[in-house]
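There are 2 protein chains.
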Amino acid sequence: MEKPALPKGTRDFGPSVMAKRQFILTTIRTIFETYGFQPLETPAMENLSTLTGKYGDEGDQLLFRVLDSGEFFSDSSVVVAKASHYLIQSMKHLVYEFFAIPNEERYKFVEYLQKEELTKPEILHKWLQKYYHTNILKGRMVESLYYNIDFLVNSHLANENFLRQIAGFISKFIKDHSSNLENRSKEEIDHILNYYLIENYNLLYSIIGAIVNPKLIRNQVSEKGLRYDLTVPFARYVVMNRHEITLPFKRYQIQPVWRADRPQKGRYREFYQCDADVVGTDSLICEAEIVLMIKEVMHKLNINNYSIKINHRGVLNGIAETLDAVGKENDLFVAIDKLDKIGEAGVHTELTEKGFASNQIDGLFKLLGTKGSNREKLTSLKTTLAKSTAGLKGTGDLTEVFDLLNQYQADDNHVEFDIALARGLSYYTGCIFEVKINDVVIGSVSGGGRYDNLTQAFGSKEQLSGVGISFGIDRLYDAMEELKLFPKETLSSSKVLVCHFDETTRSYGLALLTQLRAAGINSEIYPDVTKLKKQLDYANKKMIAFCLVVGEEEMKSGDLTIKNMESGEQEKLTINTIIHKLVH
Amino acid sequence: MEKPALPKGTRDFGPSVMAKRQFILTTIRTIFETYGFQPLETPAMENLSTLTGKYGDEGDQLLFRVLDSGEFFSDSSVVVAKASHYLIQSMKHLVYEFFAIPNEERYKFVEYLQKEELTKPEILHKWLQKYYHTNILKGRMVESLYYNIDFLVNSHLANENFLRQIAGFISKFIKDHSSNLENRSKEEIDHILNYYLIENYNLLYSIIGAIVNPKLIRNQVSEKGLRYDLTVPFARYVVMNRHEITLPFKRYQIQPVWRADRPQKGRYREFYQCDADVVGTDSLICEAEIVLMIKEVMHKLNINNYSIKINHRGVLNGIAETLDAVGKENDLFVAIDKLDKIGEAGVHTELTEKGFASNQIDGLFKLLGTKGSNREKLTSLKTTLAKSTAGLKGTGDLTEVFDLLNQYQADDNHVEFDIALARGLSYYTGCIFEVKINDVVIGSVSGGGRYDNLTQAFGSKEQLSGVGISFGIDRLYDAMEELKLFPKETLSSSKVLVCHFDETTRSYGLALLTQLRAAGINSEIYPDVTKLKKQLDYANKKMIAFCLVVGEEEMKSGDLTIKNMESGEQEKLTINTIIHKLVH
Chain A
1 MEKPALPKGT RDFGPSVMAK RQFILTTIRT IFETYGFQPL ETPAMENLST
51 LTGKYGDEGD QLLFRVLDSG EFFSDSSVVV AKASHYLIQS MKHLVYEFFA
101 IPNEERYKFV EYLQKEELTK PEILHKWLQK YYHTNILKGR MVESLYYNID
151 FLVNSHLANE NFLRQIAGFI SKFIKDHSSN LENRSKEEID HILNYYLIEN
201 YNLLYSIIGA IVNPKLIRNQ VSEKGLRYDL TVPFARYVVM NRHEITLPFK
251 RYQIQPVWRA DRPQKGRYRE FYQCDADVVG TDSLICEAEI VLMIKEVMHK
301 LNINNYSIKI NHRGVLNGIA ETLDAVGKEN DLFVAIDKLD KIGEAGVHTE
351 LTEKGFASNQ IDGLFKLLGT KGSNREKLTS LKTTLAKSTA GLKGTGDLTE
401 VFDLLNQYQA DDNHVEFDIA LARGLSYYTG CIFEVKINDV VIGSVSGGGR
451 YDNLTQAFGS KEQLSGVGIS FGIDRLYDAM EELKLFPKET LSSSKVLVCH
501 FDETTRSYGL ALLTQLRAAG INSEIYPDVT KLKKQLDYAN KKMIAFCLVV
551 GEEEMKSGDL TIKNMESGEQ EKLTINTIIH KLVH
Chain B
1 MEKPALPKGT RDFGPSVMAK RQFILTTIRT IFETYGFQPL ETPAMENLST
51 LTGKYGDEGD QLLFRVLDSG EFFSDSSVVV AKASHYLIQS MKHLVYEFFA
101 IPNEERYKFV EYLQKEELTK PEILHKWLQK YYHTNILKGR MVESLYYNID
151 FLVNSHLANE NFLRQIAGFI SKFIKDHSSN LENRSKEEID HILNYYLIEN
201 YNLLYSIIGA IVNPKLIRNQ VSEKGLRYDL TVPFARYVVM NRHEITLPFK
251 RYQIQPVWRA DRPQKGRYRE FYQCDADVVG TDSLICEAEI VLMIKEVMHK
301 LNINNYSIKI NHRGVLNGIA ETLDAVGKEN DLFVAIDKLD KIGEAGVHTE
351 LTEKGFASNQ IDGLFKLLGT KGSNREKLTS LKTTLAKSTA GLKGTGDLTE
401 VFDLLNQYQA DDNHVEFDIA LARGLSYYTG CIFEVKINDV VIGSVSGGGR
451 YDNLTQAFGS KEQLSGVGIS FGIDRLYDAM EELKLFPKET LSSSKVLVCH
501 FDETTRSYGL ALLTQLRAAG INSEIYPDVT KLKKQLDYAN KKMIAFCLVV
551 GEEEMKSGDL TIKNMESGEQ EKLTINTIIH KLVH
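As they're listed, the protein sequences go chains A and B. To convert, note that position 167 of the first sequence is 167 in the working numbering; the numbers rise steadily by one, no gaps. To convert, note that position 34 of the second sequence is 34 in the working numbering; the numbers rise steadily by one, no gaps.
One should not assume that every hint holds.
Just so you know, same-sequence chains aren't split out, so a pair can sit in one copy or run between any two.
List of simulated lysine-lysine pairs, DSSO-like, C-alpha gap at most 27 Å [claimed, not checked]:
id: 1; residue 1: K387; residue 2: K300
id: 2; residue 1: K461; residue 2: K541
id: 3; residue 1: K531; residue 2: K393
id: 4; residue 1: K534; residue 2: K461
If you are wondering where the hints come from, they were derived from the structure by calculation, not from laboratory data. In this text, all values refer to a predicted model and were calculated from it rather than measured experimentally.
Bound conformation, chain A alone (with noise of 0.2 Å):
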């Protein structure tokens, strides 16, 4: 038997691991919800009209498709065998009788065909009902055309190609052969027709082709497809609940999403998303308390050297102005955001080959290099883009978070005004956001920022606007593990386990069980009567910090004897002093 394996780019949580990432969403959620936001869950699967054209085409391009059910598949595949094996017999059929009828009426009919109004389904219904009906054309074969065409238009199966394909087929076969054809006998026809589908094997195959074809059939057995992030799902979720709601709504979101992208080391094909919104509000006040949650996640998270990245997209907007750059701002912000990485001759090589000006980038350059505090850059920003409407608001927003954070008795540690932070070619409108750890190589843990409108891609007339941040819980979880970050408590599993000798201590130990854990001490029992070696294995092997051993003696004295597993240090006490040493 084949040894059992795991998807490409999946992963099982076995207990320990399990245990530090509940650490980190612990603490995340529990800081959303001091901040007052509330959980929302949604499906694994959305529909695929829901999922579709939100992310471009590469996202579509990795959607993981969901089958609507393993019957419906081979369904369909026995629907187009069959019908594309009547069709092409009916469509022979349909030329022999097209021989059949008087010459001045199929010249009618060759002009008609060469005008190709048959690809759409009403025209050739219309015009298969008209010949039939009018009994032009006559016969089983006729028939069975037009309703294998019926048949396959109603099941959703031929689409305009192929009924395109069918009608550029007959009428190439009747415009080739018009003349040839004439007079000749059923056999004769047969045989030319017969020559000529094997040999226009191509024309045969689009017709196939168009039947079988994989956008078709992959959009009629797969209407699912899994979630990709959780803002779209959120989306949906407010268009579709938008009267129960009140505004302004905070929402958070941890939960998985998949993407069928080509594994690598930390990228995974489903990984969690852990995502705060507030909608339906312009204020400030949101991302002021984006700035306090992170730097509230990042203190319980024991990471100290971190910084908050904040930008606007006003400002990359003024500085666009600024620089004589409208309408080119894509490539602009597309090379700034690389600084980091390919530095400051990196991005002046890219700005050239786009096409800025020398001194457009030297401007750039000026503008990037702002020293000072966050209120100095300001200040300095401010002078700088004054002529920019959307300068000044991106600098006034700006300034206002800062306020707002004193006002919240917060500083500004860790926040850094950061005019070359861009986040890609993101829908973001306002205020962008990104978090990074200092110590570690490990991209951004934290990002979002405000948009404009959160529903429009659903057809709300209503603006929504809002701001939102999402933590990359398994980049989080690397930077600890490499900073051993994690307190000792997450490692362990139970806090005591209770050891004993034999069926009489095992039954003196379940009473003993029962208290530790009525005061909420997880802890359990080694359930087979077994040597004491073996159970101070289980223990070590399992990280659990205590061992209670129960011999015949402590029965007897209740004094009992408490193994630090840690320390090896041991003492003797009564069951309620332990109780109280472990629960304080």
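Fit chain B to the supplied structure of chain A, relying on the hints for placement.
Just chain B now, with coordinates in the frame of chain A:
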């Protein structure tokens, strides 16, 4: 634009539902951890080879299959189209070549074909190699056939059936025309061949059909499926990590599963399962702890009127032995299991239909009618089943479980030894459990039992016995909703909303907010400066318990107005007093 919708059978969990679900899940999770169970998470997607064959044919049908990626699908379709085109072309040319070789050699080949040994890829390869390399069959087209088949075989698009179709096609043609085609010109052969191909469309379709065989494509495009339960992924995890796992292994797992079932009231296509299992020990301590955990879960969820039904497969097998119904256990247990639903008369009818004699049925009802306390019923059954090894094992185990409960200082309140509990045709081998809430018409909210061999399905030689319990979150939720058992605190979002009148009071409020949150009180501020009424409305709609109203006067005095949103009462208190009151 189409209104967005949810896939059939799936749900969003909005904030208020989430709060209640989290109450249930946190309760269960905490109890699992108190009992020494450790968390495990496995990926949503598993390889189909892991999933199929584990849930019976019906289960296999209900698996949601995931397409490997968008790209592959269209790739494979192109491959199929191209390959079938070239294949048919090269088959034709193979036939031309064939009639160019000496008669004697050709007859040998026909004989060979008639034996139809070409159905295995290796043999077809070998055969083609022989003819290709000995230059008996020459030319580009044989080479093309060779490489085409090679390609199809290597890309796993050709299976045995496909190769059988090709061999059959070639051999049929050659047999049909062997005499007819001798000494003809290439053009004549071509003509006959074309005619043959088109007349034998069915054959051609079988060939194309074999390539676009739905199962073949499905297995090509889908090697993954969504998790159907948590037991199979758990078993897969244990097999894959056997060397790192310390036995006994106690894991719990709380994750969604997916089933392509027809959605209906209370049955969803995505739902959470919540399992705890111990593997690697036969100790009945595990069974006793399952009873204790259920009791604790029900207690913490405020559910008081429920019963934990317990039985043992040994008891059931003992009954079958005693009734002389060995070999008919399934019919017997299935019928017994329905006692609740169809009553005694119904079971009687069903058993009669299944061919049970009336003395067997009378004997059964006498056994099922055993009255008394759990202990009394066990004592009585020990006598009745005295001759059955299985029966005595069952009653013995159950007695020990009740003994162990006493040793834990627990009673058997709520626990009911139910001889009629069978738990379907599942893989349980020892104790079985089922929990019902008595006040509501909802099926069992929990169930489980002991099984002999967790990892057998993965070919593991080691026999890992275990016992597990599963809670039905949706049913628990529905029951608690119906019985109004969710604590009021669960329903609220933030505990405090800070309200204000202008920027100055809002600014003062921000500092208060920082203090509230530092004390761990979930709280928020209305972000925009707006009318007090709107802020209080917001608090009401979100069921925020208290509003802390900051006016000019409050700012001066430091005596803040705190309003209880439910009672309407308001007091003037300092922030420290407020925090003290809210925390304790």
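Now for the hints, and whether the structure bears them out:
1. Proximity of K387 to K300 under the C-alpha cut-off of 27 Å is found in neither arrangement, the shortest distances being 43 Å within a copy and 64 Å between copies.
2. Taking the shortest alpha-carbon separations for K461 and K541, only the inter-copy value of 24 Å comes in at or below 27 Å, while the best intra-copy value is 59 Å.
3. For the homomeric pair K531 and K393, the shortest alpha-carbon distance between copies (26 Å) is at most 27 Å, but the shortest distance inside one copy (73 Å) is not.
4. For the homomeric pair K534 and K461, the shortest alpha-carbon distance between copies (23 Å) is at most 27 Å, but the shortest distance inside one copy (68 Å) is not.
When each numbered hint is compared with the structure, a violation occurs for hint 1 only.
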